[in-house]
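Protein sequence lines, in the order shown, are assigned to chains A, B and C.
Those letters in the first sequence? Residues 1 to 291, by the numbering used here.
Those letters in the second sequence? Residues 1001 to 1382, by the numbering used here.
Those letters in the third sequence? Residues 2001 to 2272, by the numbering used here.
A portion of the hints provided could be inaccurate.
Mimicking BS3-like on lysine-lysine, the simulated pairs with C-alpha atoms at most 30 Å apart in a straight line are [stated by the list, open to error]: (1) K1146(B) with K2263(C); (2) K1140(B) with K1125(B); (3) K2263(C) with K1188(B).
Rough simulated footprint, nothing fancy, chain A against chain C, three-plus residues with beta-carbon under 8 Å [to be verified]: (4) 2006 to 2020; (5) 2190 to 2204; (6) 2216 to 2224.
If you're looking for bench data, these hints aren't it; they were derived computationally from the structure.
Don't be surprised by glycine CBs; every beta carbon is placed ideally from N, CA and C.
Each chain is listed here by its residues.
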Amino acid sequence: MRRFAMIAVPYTWLVALFLIPFLIVFKISLSDAALAIPPYAPTMKDGFTALIQGLDFENFVFLTTDDLYYKAYLSSLKIALISTVLTLLVGYPIAYSMARAPEEWRATLMMLVILPFWTSFLIRVYAWIGILSNEGLLNQLLMWLGVISEPLTILNTNIAVYIGIVYTYLPFMILPIYAALDRMDDSLIEAAEDLGCSRMSAFWLVTVPLSKNGIIAGCFLVFIPALGEFVIPSLLGGSGTLMIGKVLFEEFFNNRDWPVASAVAVILLLILIVPIVLFQRNQQKQAEAEG
Amino acid sequence: MAKPSPDTSIKEFSPWTDPDEKPLIRFKNVTKRFGDFVAIDDLTLDIYTREFFALLGPSGCGKTTMMRMLAGFETVTEGTIELAGQDIAAVPPNQRAVNMMFQSYALFPHLSVYENIAFGLRRDKLPKDKIDARVTEMLKLVRLEKFARRKPHQISGGQRQRVALARSLAKGPKLLLLDEPLGALDKKLRQDTQFELMDIQETTGTTFVIVTHDQEEAMTVASRVAVMDEGRIIQVATPGGIYEGPNSVYVADFIGDVNIITGKAKAAGPDKYFVDWGGNQAPILATSERPFTDGQECHLAIRPEKISITKEKPEEAENAVQGKVLDIAYLGNLSTYHVELPGGQIIKAQTANTRRLSRRNITWEDPVWIRWNATAGVLLAE
Amino acid sequence: MKRLSPFNITALTLGFAFLYLPMILLVIYSFNESKLVTVWAGFSTKWYGELLRDQAFLDAAVVTIKVAVLSSTLATVLGTMAAYVLVNGGRFMGRTVFSGMIYAPLVMPEVITGLSLLLLFIGIGLDRGVLTIVLAHTTFAMCYVSVVVSSRLVSFDRSLEEAALDLGCNRFDAFRLVTLPIIAPAVISGWLLAFTLSLDDLVIASFVSGPSSTTLPIKIWSSVRLGVSPEINALSTMMIGIVTIGVISASLISKRNSVRAQKDAQAAERSA
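Could you put together the complete structure from these sequences and hints?
This is the structure:
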């Protein structure tokens, strides 16, 4: 009886507040705008046939006619991809150096990487506005140094979005790579050098392949949330920055077009399924390899 | 600490030979399957009150499954298990008069030694003073009075083992199950603890069933040993019975060191057989109560210490073979000689080193004679 | 002994500068006299005073903390149950669906979670307010709690629970008296994580909050959209300060515990 309750309570909760809402989104994405007012006619009350008849792919067709949407999808993919690569380039040297640090420092270094996790995401993004704006600290510094004479426009461009994503998701990249490198046996590098590798080739032939799983995990952990990101493009990006999370938000709140917003959500999810499934596989493979 | 000699008690205590004695535990045609895997295969076994019973076998032989079925953590697929004449299939683990000492000890890390021992007593809602008295008694039994307030990670491995023992004995179970109780201890401590376990078993009068893969441990502590393999019991006997009278090559080989000579049997008088073992050697004379037909394949199992080794040809030996010393393993108190016979077979012979090393007269490559009596070995069919 | 190369030192210095400089600048400029964020006009704490007199911020803070306490507590209970069921529950109908529902919210974009919950609340006619935010936060936070707790349960020695059963506990008592005290650190971490996620959430709260239930992130969001404001700098500094104190003291406690564990191990060896 108690076992039943242990299963039933969280199960019911998730069905009611995760699965059903999701099915509602799916259903509304297939409904007409006029019908998408509560209680979302046609409902099951009118019978299954009416439900089916009320559904069509109009909203999805609409998404293909307006090139705003497919551009937004493409641009989201591009931004997520570029930021993932940039995060890897920034994160790997840090993770690598952490793994080479003396034992007694590592706990502190770990804590320093994790600490930003616990501070507000919003505030961390906000901090960059003051730095990147035209009168911002970065421009002030560069002008003072004499590198530039005119302030650079960084805020409200895609570059600011890249910086924002790299900054906020950096710990997601560092931690799995560090975990992989930390487990690595140092004598492997020595063995490689003993067998004639140079420092550099030992790094490429031994260290990088052994941290492969960490790199893959880190990339997915950055790519997946970056794809649906809303706060960063809204705060740091400009009017030209198209990201699907932002489009969805605006479609819903500004245009009040729920069926289209739902259709956008369904397609975003379909796009996300591929990397999520790949990520799951990678994790499983790793878990199996570790036995 | 150790009692004078385990052998004397074994002679006095043998309820399994008494047909009127009722067993405490009775496995009746028990089978246990995990999916397609048969862990226990149609097993029947009686264990008697006050016994110290050892289940011995390699890992995966089903000994742990048997113990977990007794404790109630596994259900029986077919057959019944009776405890004191009652089928225990329907009794949940928390209501069985059976307690278990876990291989990992499973001491609760958040509770002190005292609280660990009191844990089971508190579940019975005993009055406070009774619990206190019982815990104190248990602490005294395992000599841990000084450590009552420590947490498990604040005491040594050997002390943890004793806490686990005290905790499982605190409720005064009819039957105590011990899963590899000494497995986590180092060798020296293990030997001391074996005697301590026997002492405690005798003091409390509890029936112990121990699971182990260590044959020395089983031989030392147990009143009877069951040798298991692949879900079946191969042989149940006293330690002496298992060692001197194995019923199969598997048991002979599993317990201690043994030479196996395979050949064909030929009758040579009442309970006596010649073993024709090939080569141009004279047949070996061996006694056996088990009958063999002429020409039947048989295996003679002889322990190395039953074979003596000399440089000169022995006179009047029932069995004597000449060979060449291939290897000598010097173990301090004993030396084992590996003697190669003309047919290529290697026989191990063991002698006690009563003389100083420098005066040993047999060395590598020496031609030697080995000899043994007809009663020294056991003739086995399989 | 490992030695850091100049490359390692550079990478660490630049990396941590990148991670911390923006926040440090934020803190410094919260003490700026001028309203113009980019011009330093002398030290002042006036923005803190201004912030603490701003009723709208205080109201939002109260709502946020209320929501965070309620939702993280609920999420911890539900998430721990879910973790226990997933790790120890054996097979049951719909187990795959269940574990799917636990892991999906972790990777679900917040915009979708928020949208779907809002549509549900509108559909069943539930007024948006503190309750709906609590429901929403509990739902996604319980998944995080369940991941944290189940990673602890996986390494939990099952024989401890069996020992409790063997000594006379029923299953519920075994969980209450043995399992729960031992996994408590993971449960507490789960609670803290849920609490932080709730404090931090902007997107989902934007969807499911009503006019009377503005949370702090929503309030921050609406002022930040207009650009940098010294009041927000002051608020950020306070939040960063609280988190820093929390994380540092947590790591000090864990360090002290590991030192103590080492001493215990030594004591154990001596007593042998």
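How the hints compare with the structure:
For a cut-off of 30 Å, the pair hint linking K1146(B) to K2263(C) stands: about 19 Å separates their Cα positions. The hinted pair formed by K1140(B) and K1125(B) meets the criterion: a straight-line CA distance of about 23 Å does not exceed 30 Å. Simply put, K2263(C) and K1188(B) have alpha-carbon atoms about 25 Å apart, close enough for the 30 Å limit, and the pair holds. Given as covered by chain A, the stretch 2006 to 2020 of chain C passes the check, having 10 residues with a CB less than 8 Å from a CB of that chain where 3 are the minimum.
With 5 residues carrying a beta carbon less than 8 Å from a beta carbon of chain A, the stretch 2190 to 2204 of chain C meets the three-residue requirement, and the given coverage holds. Counting residues of the stretch 2216 to 2224 of chain C whose C-beta sits closer than 8 Å to any C-beta of chain A gives 4, which meets the bar of three, so the coverage hint holds.
This entry satisfies every hint, going by the numbered hints stated previously.
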